[in-house]
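Chemist: Following the hints, put chain L in place on chain A, whose structure we already have.
If you read the sequences in order, they're chains A and L. First residue of the first sequence: 1, per our numbering; consecutive thereafter. First residue of the second sequence: 131, per our numbering; consecutive thereafter.
It is worth saying that the hints were derived from the structure and are not from the lab. Check each hint, because a few of them may be wrong.
[Said to hold, decoys possible] Going by beta-carbon spacing under 7 angstroms, a handful of chain A positions derived as facing chain L:
id: 1; residue: P18
id: 2; residue: I21
id: 3; residue: R22
id: 4; residue: T25
id: 5; residue: E32
id: 6; residue: T33
id: 7; residue: L34
id: 8; residue: L35
id: 9; residue: V36
id: 10; residue: P37
id: 11; residue: E39
Positions of the beta carbon are idealized from the N, C-alpha and C atoms, including for glycine.
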Amino acid sequence: MTTPAPTVWPGLAYTDAPAAIRFLTTAFGFTETLLVPGEADGEVVHAELGWPEGGGVMLNTHRVGEVCWTGPGHGSVYVVTAKPDELLARATAAGAELVRDIADTDYGSRGFTVRDPEGHVWSFGTYPGA
Amino acid sequence: MEQATQVTGLPPPRLRPLVNRYIGYHVRSAPGVHRGLPSSKLTFIATLTGTVDLRAPHGPPRRYAALVGGLHETPVTIEHDGRQHGIEADLTPLGARALFGLPAGELAGLDVHLGDLLGRPAEELLDRLRTARTWTDRFACFTDILDRVARPAAIPAPELGWAWQRLTAAPAAVAVAELAAEVGWSRQHLRTRFQREFGLSPKVLARVVRFRHARDLLVRPDRPALAEIAASAGYADQAHFTRDWRAFSGLSPTAWLTEELPFAQDPEATRPPA
Chain A
1 MTTPAPTVWP
11 GLAYTDAPAA
21 IRFLTTAFGF
31 TETLLVPGEA
41 DGEVVHAELG
51 WPEGGGVMLN
61 THRVGEVCWT
71 GPGHGSVYVV
81 TAKPDELLAR
91 ATAAGAELVR
101 DIADTDYGSR
111 GFTVRDPEGH
121 VWSFGTYPGA
Chain L
131 MEQATQVTGL
141 PPPRLRPLVN
151 RYIGYHVRSA
161 PGVHRGLPSS
171 KLTFIATLTG
181 TVDLRAPHGP
191 PRRYAALVGG
201 LHETPVTIEH
211 DGRQHGIEAD
221 LTPLGARALF
231 GLPAGELAGL
241 DVHLGDLLGR
251 PAEELLDRLR
261 TARTWTDRFA
271 CFTDILDRVA
281 RPAAIPAPEL
291 GWAWQRLTAA
301 PAAVAVAELA
311 AEVGWSRQHL
321 RTRFQREFGL
331 SPKVLARVVR
341 FRHARDLLVR
351 PDRPALAEIA
361 ASAGYADQAH
371 FTRDWRAFSG
381 LSPTAWLTEE
391 LPFAQDPEAT
401 RPPA
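One chain only, chain A, in its complex shape (with noise of 0.2 angstroms):
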């Protein structure tokens, strides 16, 4: 295993940061790798899930005033995968908004797009990047 350690994170803010974490772990398959719980219940100040085929994302709880980290329904993500069919089955089935179907790509790729529940816009696809 020589994959360098992820040097770029996406961040995403969430109003219930818990729930977005118990989502994308069961729909899309993310681990959970950090937890910096903040002094309310259920706020949490950082969080790093790890995707299991390289990468990750950072998440935290929305806080007004926030100036470096959008709000709720404003990030993009896009996460390369060897299985997206699997993964899209997957990640319906436990409650994604399918925003864009399975589809190959002019350039090779074959993916989908879905809409996590606080609008988050999530894309999977097998493009590794050039």
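Modeler: Using the frame of chain A, we list chain L on its own:
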């Protein structure tokens, strides 16, 4: 087929003087033994499945669904059938006073059923942990129960708190004579009160802290050479390092690495970019 998940959680700031961090673990491997190494934290483990089985030199293993272990200066041998699943929390000595009403010294070298220390909340913790679906939810259960059982507490003398801070704060060792001078106590008085409160003497704690520093270097993927680790952790030479390593782990550093590395992934190494 070895698989290991390890998730670190930092408790909310109000609890951190008592509990430094949570570690959720799920290991599936070949059956074997795992060595719990001495550290400056008390161990609090709640299992999600199975039990923690401590092997005693004589007699049957002691089995725990949830346990608290005091500070110790020799390795604790844990037998497992290949499936280990639970949460471990790193407790401070103040945590022992606040959560159990006991000085850490009363628990030194011992392992105790969580129920014997906490009563009903121990059962509730296990029930809730076992129905929660994510580590995030399990850490929240942990925090909820600890918040309920924690009582205001203090280390009985500021001198003891100071000495503990000095010995655990930095990898650079402070001599016990120097420490005694700083707090204005005789070495003997410091040693006696320190050991009664925390369970280890100042000198042994200093050795444990140095050992943990060496361990942190040893488990890194870009591990330096043993001689280099010995030097940067503050050992006189590699022989000194090897001797201490044997005393605390029961094995040479190289043998320990071979046997334990799957379990020794340092969660600190995957800390947040935040």
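Chemist: Now tell me, hint by hint, if it's right for this structure.
Modeler: Hints and how they fare:
1. P18: Constraint on A/P18 satisfied, holds at 5 angstroms.
2. I21: Result: holds, 5 angstroms to nearest chain L Cβ.
3. R22: 5 angstroms, holds
4. T25: 6 angstroms, holds
5. E32: 4 angstroms, holds
6. T33: The hint holds - A/T33 has a Cβ within 7 angstroms of chain L, the shortest such distance being about 6 angstroms.
7. L34: Hint holds; A/L34 Cβ to chain L Cβ min 5 angstroms, cut 7 angstroms.
8. L35: 4 angstroms, holds
9. V36: Holds, about 5 angstroms.
10. P37: 5 angstroms, holds
11. E39: 5 angstroms, holds
In this structure, none of the earlier numbered hints is contradicted; all agree with it.
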